[in-house]
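Enquirer: If you read the sequences in order, they're chains X and R.
Going by this note's numbering, the first sequence wraps up at 121, each residue one higher than the last.
Going by this note's numbering, the second sequence wraps up at 121, each residue one higher than the last.
No wet-lab data here; the hints were simulated from the structure.
There could be a bad hint or two in this list.
The list treats identical chains as interchangeable, and a pair is accepted whether it falls inside one copy or across any two copies.
[Stated by the list, open to error] With a Cα cut of at most 20 Å, we get these calculated SDA-like pairs of lysine to any residue:
id, residue 1, residue 2
1, LYS79, GLY12
2, LYS3, ALA116
3, LYS79, ALA17
4, LYS3, GLY120
5, LYS79, ARG90
6, LYS3, GLU106
7, LYS79, CYS96
8, LYS3, ARG14
2 protein chains.
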Amino acid sequence: MTKVAIVLFAHGARDPAWALPAQRVAEAVRRLRPEAMVSLAFLELMAPGLAEAVDAAAAAGAQVMRIVPLFLAQGGHLKRDVPALIEAARARHPGCRIELLEAVGEDAGVVRAMAAYAAGA
Amino acid sequence: MTKVAIVLFAHGARDPAWALPAQRVAEAVRRLRPEAMVSLAFLELMAPGLAEAVDAAAAAGAQVMRIVPLFLAQGGHLKRDVPALIEAARARHPGCRIELLEAVGEDAGVVRAMAAYAAGA
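With the hints as constraints, model all of the structure from the sequences given.
Expert: Structure below.
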């Protein structure tokens, strides 16, 4: 069976508590995909970085990686910096298929859930 | 009937396209709460700012305002800068009840939706 890694990629912040929602997402993904390796990575201020998380998943045998940006939208980081990180990761791990998804905020289900919360529904 | 305003508060970015997911959330909230005034506000790089959006909602007759941070988690902005903005807004509009919700990423439904997207479910 193809070994799949799902890397949740968040911005990062100084306060360790900032990562709690991302950790809750990781736990929920593990319940949905118990066969997949699920990990977190951060753009800045928190560890591991994206390169480190990708290398760890490759070392653990991942053949396919889904990089999932936990961002509301595609800002400058996701449009400029992250594609370069992904290209570098692909060059380091040519045997691994590395997919960069759109930001979670682009997903219709996530939009619906944010709207329901905002509406108090 | 109490006039309710829902202000979706996002970070902002240089690229105008960055605001599209927030605009989709606003449209979805308008469908869920057609009686409420729904608007967007930004912390930086985009207009209007939070103070301007709150003042506009108050001028339009809002008696209750729900400020909903479209952020993954409570970072330094939400912990330090935003409470000060909210206190100043409450002082300017003493007849208006201004509620600051937790970041959308703290909501269990939003966590589930992000996890479903990440899992490819």
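Enquirer: Hints first: check each against the structure and report whether it holds.
Expert: Going through the hints against the structure:
| no. | hint | verdict |
| --- | --- | --- |
| 1 | LYS79 <-> GLY12 | both (17 Å within a copy, 15 Å between copies) |
| 2 | LYS3 <-> ALA116 | between (35 Å within a copy, 19 Å between copies) |
| 3 | LYS79 <-> ALA17 | between (27 Å within a copy, 11 Å between copies) |
| 4 | LYS3 <-> GLY120 | between (40 Å within a copy, 15 Å between copies) |
| 5 | LYS79 <-> ARG90 | within (17 Å within a copy, 38 Å between copies) |
| 6 | LYS3 <-> GLU106 | neither (26 Å within a copy, 30 Å between copies) |
| 7 | LYS79 <-> CYS96 | neither (22 Å within a copy, 40 Å between copies) |
| 8 | LYS3 <-> ARG14 | neither (33 Å within a copy, 38 Å between copies) |
Consistency note: the structure conflicts with the earlier hints numbered 6, 7 and 8.
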